[in-house]
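Residue numbers (the numbering used here), protein chains in the order written: chain A, 40 to 139; chain B, 299 to 472; chain C, 1419 to 2136.
These are calculated hints, taken from the structure and not from any lab test. The structure presented is a predicted model; accordingly, all values stated were derived computationally and were not measured. Fair warning: there could be bad hints in the mix.
[Unchecked claim] Simulated restraints on C-beta separations:
id: 1; chain 1: A; residue 1: Lys124; chain 2: C; residue 2: Asp2090; range: 51 to 57 Å
id: 2; chain 1: B; residue 1: Ser323; chain 2: C; residue 2: Arg2108; range: 15 to 21 Å
id: 3; chain 1: C; residue 1: Gly2097; chain 2: A; residue 2: Glu121; range: 41 to 47 Å
id: 4; chain 1: B; residue 1: Ser440; chain 2: C; residue 2: Ile2134; range: 23 to 29 Å
id: 5; chain 1: C; residue 1: Gly2125; chain 2: B; residue 2: Pro391; range: 15 to 21 Å
id: 6; chain 1: C; residue 1: Gly2097; chain 2: B; residue 2: Val455; range: 45 to 51 Å
id: 7; chain 1: C; residue 1: Gly2105; chain 2: A; residue 2: Glu121; range: 31 to 37 Å
id: 8; chain 1: B; residue 1: Val462; chain 2: C; residue 2: Asp2090; range: 26 to 32 Å
id: 9; chain 1: C; residue 1: Gly2125; chain 2: A; residue 2: Asn135; range: 20 to 26 Å
The beta-carbon is built from N, C-alpha and C at its ideal position, and this holds for glycine as well.
Here are the chains, one letter per residue:
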Amino acid sequence: MVPVEYYITLSAILFSIGALGVLSRRNPLIIFMSIELMLNAANLAFVAFARVYETFSGQIFVFFVIAVAAAEVAVGLALIVEIFKSKKNINIDEMNSLKG
Amino acid sequence: MNSELIVFLVLSLVAIATALGMLLSKNAVYSALFLVLNFVTVAIFYLLLGAPFLAMSQITVYAGAIMVLFLFVIMLLGAENLKPSNSLPWQKPLAILLSVILGVEAIYLLLARSRSALNVTAPDAALNTMDSLRNMAETLFSQFLLPFEVTSILLLVAMVGAIVLSRAEKGAAK
Amino acid sequence: MHLSETVNTGFYFLAPGLVLVPLLGLLINAIFGKNFSEKMVGTVASLASGTAFIISLLLAYSVSINHGHPVSVPFAEWIHIGNLKLDWTFRVDSLSATMMLVVSGVGTLIHIYAIGYMHEDVRFKHEEGRFNRFFIYLNLFIAAMMILVSGDSYLMLFVGWEGVGLCSFLLIGFWYEMDTLARPSWANSNAAKKAFITNRVGDFGFLMAGFLMFWHLGSFQFDEVFKAAPAIAHESPWIIVAITLFMLVGVAGKSAQIPLYIWLPDAMAGPTPVSALIHAATLVTAGVYLVTRSAPLYTLVPQAQYIVAMVGATTALFAATIAVGQYDIKKVLAYSTISQLGFMVAAVGMGAYVAGMFHLITHAFFKALLFLSAGSVILGLERGHHAHAHHTHHDEKPKGKHKKEEHGHHGGHDDHGEVFDPGDMRNMGGLRKTMPVTFWLYMAGTLALAGIFPFAGFWSKDEILLDAKLHFTSIYWQLSIAAFFTAFYMGRQIWMVFFGEARSDAAKHAEESPRVMTVPLMVLAVLSVAGGALNLPFEGFHNLGHWLEYTLGEVHALPLDLGVAGISTLLALLAIFVSWLIYGRNPLKTGQVDPLKKPLGFVFTGMENKWFVDEGYGVLIIKPFKWISQFLADVVDWKFWHDFVHDTVIAGTYNWLSEVALSRYADQKGIDAFFNSWGDFTQWLSGNARKIQNGFVRSYALSVLLGVVLILGYLILK
Chain A
40 MVPVEYYITL
50 SAILFSIGAL
60 GVLSRRNPLI
70 IFMSIELMLN
80 AANLAFVAFA
90 RVYETFSGQI
100 FVFFVIAVAA
110 AEVAVGLALI
120 VEIFKSKKNI
130 NIDEMNSLKG
Chain B
299 MNSELIVFLV
309 LSLVAIATAL
319 GMLLSKNAVY
329 SALFLVLNFV
339 TVAIFYLLLG
349 APFLAMSQIT
359 VYAGAIMVLF
369 LFVIMLLGAE
379 NLKPSNSLPW
389 QKPLAILLSV
399 ILGVEAIYLL
409 LARSRSALNV
419 TAPDAALNTM
429 DSLRNMAETL
439 FSQFLLPFEV
449 TSILLLVAMV
459 GAIVLSRAEK
469 GAAK
Chain C
1419 MHLSETVNTG
1429 FYFLAPGLVL
1439 VPLLGLLINA
1449 IFGKNFSEKM
1459 VGTVASLASG
1469 TAFIISLLLA
1479 YSVSINHGHP
1489 VSVPFAEWIH
1499 IGNLKLDWTF
1509 RVDSLSATMM
1519 LVVSGVGTLI
1529 HIYAIGYMHE
1539 DVRFKHEEGR
1549 FNRFFIYLNL
1559 FIAAMMILVS
1569 GDSYLMLFVG
1579 WEGVGLCSFL
1589 LIGFWYEMDT
1599 LARPSWANSN
1609 AAKKAFITNR
1619 VGDFGFLMAG
1629 FLMFWHLGSF
1639 QFDEVFKAAP
1649 AIAHESPWII
1659 VAITLFMLVG
1669 VAGKSAQIPL
1679 YIWLPDAMAG
1689 PTPVSALIHA
1699 ATLVTAGVYL
1709 VTRSAPLYTL
1719 VPQAQYIVAM
1729 VGATTALFAA
1739 TIAVGQYDIK
1749 KVLAYSTISQ
1759 LGFMVAAVGM
1769 GAYVAGMFHL
1779 ITHAFFKALL
1789 FLSAGSVILG
1799 LERGHHAHAH
1809 HTHHDEKPKG
1819 KHKKEEHGHH
1829 GGHDDHGEVF
1839 DPGDMRNMGG
1849 LRKTMPVTFW
1859 LYMAGTLALA
1869 GIFPFAGFWS
1879 KDEILLDAKL
1889 HFTSIYWQLS
1899 IAAFFTAFYM
1909 GRQIWMVFFG
1919 EARSDAAKHA
1929 EESPRVMTVP
1939 LMVLAVLSVA
1949 GGALNLPFEG
1959 FHNLGHWLEY
1969 TLGEVHALPL
1979 DLGVAGISTL
1989 LALLAIFVSW
1999 LIYGRNPLKT
2009 GQVDPLKKPL
2019 GFVFTGMENK
2029 WFVDEGYGVL
2039 IIKPFKWISQ
2049 FLADVVDWKF
2059 WHDFVHDTVI
2069 AGTYNWLSEV
2079 ALSRYADQKG
2089 IDAFFNSWGD
2099 FTQWLSGNAR
2109 KIQNGFVRSY
2119 ALSVLLGVVL
2129 ILGYLILK
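With the rest of the complex left out, here is chain A (with noise of 0.2 Å):
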């Protein structure tokens, strides 16, 4: 018997570690598995919430989700070895040519 909120809390904790990482790293690929973290975090609190409710369309979102995360992972990794292609490097902070 656990509490719904207990999972929500969860899944607010590993949120905000993920925000923590999207903002503070500085290697690309840290920071793209720190979106993925996040990710994770909400397909958690749909899944709880699909449990709560008794219905399958949480779980179904959930799997949505996982298919466009892979999308986009695919597409990010090839975009990061582009980068890496051109500035042999991937600190983020070394790239900064949209500076206005």
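Add chains B and C to chain A, keeping to what the hints say.
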């Protein structure tokens, strides 16, 4: 205090610990491995919540494919370790602060606005059988057919995109 | 209209002709004069004046057949504003008829005389073209004087008053670019200006009287004023006193009393007919007429009357003393005129209006006669001078003498090397042999003026003296002493001019005047002799008195007082005897100083120099006036007004306002700075806002998170 709760607490500790480990470790490979562990934990959570299919797909897709891909790229780029340099010294403290606030707010919102105390019971045997899978499939292919098809197109686009992006320049090494 | 009807009711409709006929004469001469011969011009002018005289006769006749009833002849509407109605109306009554007769009668005689006089005068001054202008001005004068005497209201009287002032200016300054000796100078125009300005002071008095009259009595019209006056005199007599005294100022100006007489001697700068007509017979009598006309006002305020009489008597005595020391023949006559006017003013001041008017008439006769005869004498000397110049200066040009443009030329100057003055009595002498007609005419005038029985002057002066003795003893003594001096200086003049030996070549060769000049003089001489018949102080002969009674109301006719008459005659004869003792017995020789100079010493110097009155005026009034106007012009106007107020204050302030205040501060520092600051602010803002785009992804992510946190916070707080 029952066994479910204890299991949940232990698992959540593991999840948080691995997340922090991913966050704090200097070595990118270590971060990736931590994240894999985190995904596995979350998969177990899914099981606890009576979503076996998702648990399996989590492990195969997320932990198996995505993280492997990550590890490939980490190793390809030699990005295990980065030189320490910080151009935005003010950013880190502010980021920590904001994240903490975000967490607190999120928890508060989600808890304070909930209408009823809901409980999640342990899954009984019926949930983790093939029946749930069948029900889910039925829902997927009837109610969510369009998003399913669109997702397949999305995956196609992603594939094409990845290939285009990683194709060599014209005139460059073929 | 049948003649009989006209005769019964009168020829009143002719009244406007008094003014219009002379105006017509002057217009004809003005437009066509340059095509006329001199005789024609003179004839037109004399006819105009003569016609006015005939009209006056007819009007006088009309008055008499209507038993002196005053008649108003409306002529033209002038000012009609709301309730205010001021019109030009003629008034025909016995007083105005008397004045009309005198003015037009003596005026016509002088017009005829002037034909001859001006003919010679313009030739002596080499300005033949100006003959025409003289007669235009003379006719204008007649017209203006007629307006004065025939007006039905003080307003029309004033119109004429101003008109004759203008004419006297024009005529005195006839030879405006010369002085009396024909040298180029400002002297004549200054004399004309002096006359005009002094008269203006008098006009100011008249105007003040007019304003007071209109304000308090409500009208200018004679009848209405006289009707309303007693009531005002009863309530607040000071108003009537003020009106009458202000009128006295006007009289002092026009009739040359103290203190405004100073213009009359200088007015001798005009040609002699002008002096005769204007300054002896007509213009100067306007003041006396004014007082007589205003008799109803004066009788209400005896204090004012006494002041008038004192002014008159003082003037009479003062002017007589000056006449004793003058050397110019016309100046003696001028001061004599002032003195006799003093007699007249004293008479009307004492309330003896008939005596005053009587003396006015007789004085017009003999003074005109004297002036015109003096003109004859002067021309005689001029002729003698020219004849002499012809004889002794063959090689000089015949027109040599008074050429204006040839200054350093000794063109025909006499042997003494200075300019010849034909009016100076010291250059005359023994003229009774060379100019006998003029001599007898002059004698007639002199005896009349001195007041010798039975000439006209005796009767008129005697009546004044009688009235004075009965009511105002101090005035009687003043007037008697003045009469003594009158006879004395006239005697002096006769001995100096006509007796003894000629003191200059011009006098030796003097020629008699032509008939066109002497005939009018003979008419005047007859009038001077017989004029006393107008108002003999015997029962049944008070003709003038009865005549004027129609206008003035009851007149006290005084019988002859042998005592007064005897004393005055004795005084006159004594004076003539004394003058013979001094001037006649040992006639003056050429260059000899006046025999009175040593015995009388500084007194004679005073008389010679007219008691320095003009110099006194110069110091007291004219110099400060000039100083004030200089000060006002230079300091107040230029320095203060222009330089300070305009340039410094106004222009400077304006410039300061525009350059400093508005341009520099308001515009540049204020408005520009304000709007520039907007631009600067925008630049600053954008410069700083640009820093957000630092290119670092992490900071962008941070801001996204920040936004999320804020939104969540908002949702929580909501």
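Each hint tested on the structure:
1. Lys124/A with Asp2090/C: 51 to 57 Å: Distance hint for Lys124/A, Asp2090/C holds at roughly 55 Å.
2. Ser323/B with Arg2108/C: 15 to 21 Å: Cβ of Ser323/B to Cβ of Arg2108/C: about 36 Å, so the range 15 to 21 Å is violated.
3. Gly2097/C with Glu121/A: 41 to 47 Å: 43 Å, holds
4. Ser440/B with Ile2134/C: 23 to 29 Å: 39 Å, violated
5. Gly2125/C with Pro391/B: 15 to 21 Å: Cβ of Gly2125/C to Cβ of Pro391/B: about 19 Å, so the range 15 to 21 Å holds.
6. Gly2097/C with Val455/B: 45 to 51 Å: 48 Å, holds
7. Gly2105/C with Glu121/A: 31 to 37 Å: 34 Å, holds
8. Val462/B with Asp2090/C: 26 to 32 Å: 57 Å, violated
9. Gly2125/C with Asn135/A: 20 to 26 Å: Holds: the Cβ-Cβ distance is about 21 Å, inside 20 to 26 Å.
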